[in-house]
Amino acid sequence: MDKEADTTTDALLDGRLALRQPRNGYRAGLDAALLAAAVEAHAGERLVEAGCGVGAALLQSALRSPQARFVGVERDPAALALARENLAANALDGRVEALGGDVDEGFRALALPLFDAAFSNPPFFDDPGALRAPHPSRHAAWMADGGLASWTRFLLKAVREGGRITVVHRADRLADILALLGETAGSFRVRPVHPFIDAPAKRVLVRAVKTGRAPLVLLPPLVLQERGAGAWRPEVDAILRGASLPWGV
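Under the working numbering, the sequence shown is numbered contiguously, ending at residue 249.
Calculated directly from the structure, the hints in this document are not laboratory data. Just so it is clear, CB atoms sit at the ideal spot from N, CA and C, and this is done for glycine as well. A few of these clues could be false.
Estimated spans, in silico, between C-beta atoms of each pair [stated by the list, open to error]:
id, residue 1, residue 2, range
1, Ala88, Ile197, 38 to 44 Å
2, Gly248, Ala81, 35 to 41 Å
3, Pro221, Ala89, 34 to 40 Å
4, Thr211, Ala231, 41 to 47 Å
5, Arg23, Gly162, 41 to 47 Å
6, Gly230, Arg95, 19 to 25 Å
7, Pro66, Ala179, 33 to 39 Å
8, Ala243, Arg75, 30 to 36 Å
9, Asp176, Ser244, 46 to 52 Å
10, Leu30, Leu216, 23 to 29 Å
11, Ala88, Ala214, 28 to 34 Å
Please construct the entire structure, taking both the sequences and the accompanying hints into account.
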C-alpha cells in the first residue's frame, strides 16, 4: 500500500508546524495542543515526553521553547518513525530527539540522565473492557497496559528533585492522578477543561513538582466553546495558534 496515501500532513500552530500522521486510527488533536501549551520550558532545560506518538505535543512544545532541548519516548515503531520524520521535516532534529522505549519498562531502562521536566498524555483507559473494538492503530494510544500507575511512575523517575511534571487526562481520573503523583510530588496546580461553561469538565491539565510541598491550587477553568457558536473561544484559538497556557504565579 502507498505509504503517502496512508498519512496526511497537517498544519499546526498557524502553519509553523507540519505534522505527518496516519490518515486513519489515532490522530493528534486538542489534547496534544493543550498539553504542549501547558508545558513550561526554560532556557537550557531538558524535557522528556512519555509516549510522544508522531510528535504532536513534542514538536509544538519545542517550537514554543526554542532555547530548550526535548526528548520523546515512543514504543510503537510506526509512530516513532513518523516522529523522526516530523523532527527532520520541521528542522528540529538538532535539539529534539525521538527514542524507542516502553513506559512500562520504566525510566531507568533508557539509561538517560534526569530531566528538568516531563510531560505526557497517558492512554485514557486501563481496562480493555472499557473500549468497544478500537481500531488497531488506536489501541496503543488508548490502552495503558501497565495502568496509569506505570505512566506516573515513569514521569516521577524521569525528573530531578524540583522538576516539573505536566499531564493532560480525563477529568474523572483526577483523584487517581493526584494520588499516584502525590507519592513523591506535590505543589499541584489543576486546570479543568470544559467543553461548555455549563457542562462538566471532560479533561484536566495537572502540573506537579517533584518533592514540592505547596498547597494544591485549583485554577480557573478553560472553556472550549460557547453553545451554538460553532467555533473555539478566542483563548482556545490563541492556544492553537501558539499561545501558552500559564500556570499562574
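Hint check:
no.: 1; hint: Ala88 / Ile197: 38 to 44 Å; verdict: holds (42 Å)
no.: 2; hint: Gly248 / Ala81: 35 to 41 Å; verdict: holds (39 Å)
no.: 3; hint: Pro221 / Ala89: 34 to 40 Å; verdict: holds (35 Å)
no.: 4; hint: Thr211 / Ala231: 41 to 47 Å; verdict: holds (42 Å)
no.: 5; hint: Arg23 / Gly162: 41 to 47 Å; verdict: holds (42 Å)
no.: 6; hint: Gly230 / Arg95: 19 to 25 Å; verdict: violated (38 Å)
no.: 7; hint: Pro66 / Ala179: 33 to 39 Å; verdict: holds (36 Å)
no.: 8; hint: Ala243 / Arg75: 30 to 36 Å; verdict: holds (31 Å)
no.: 9; hint: Asp176 / Ser244: 46 to 52 Å; verdict: violated (27 Å)
no.: 10; hint: Leu30 / Leu216: 23 to 29 Å; verdict: holds (25 Å)
no.: 11; hint: Ala88 / Ala214: 28 to 34 Å; verdict: violated (40 Å)
Hints 6, 9, 11, counting from the list given before, are not met by this structure.
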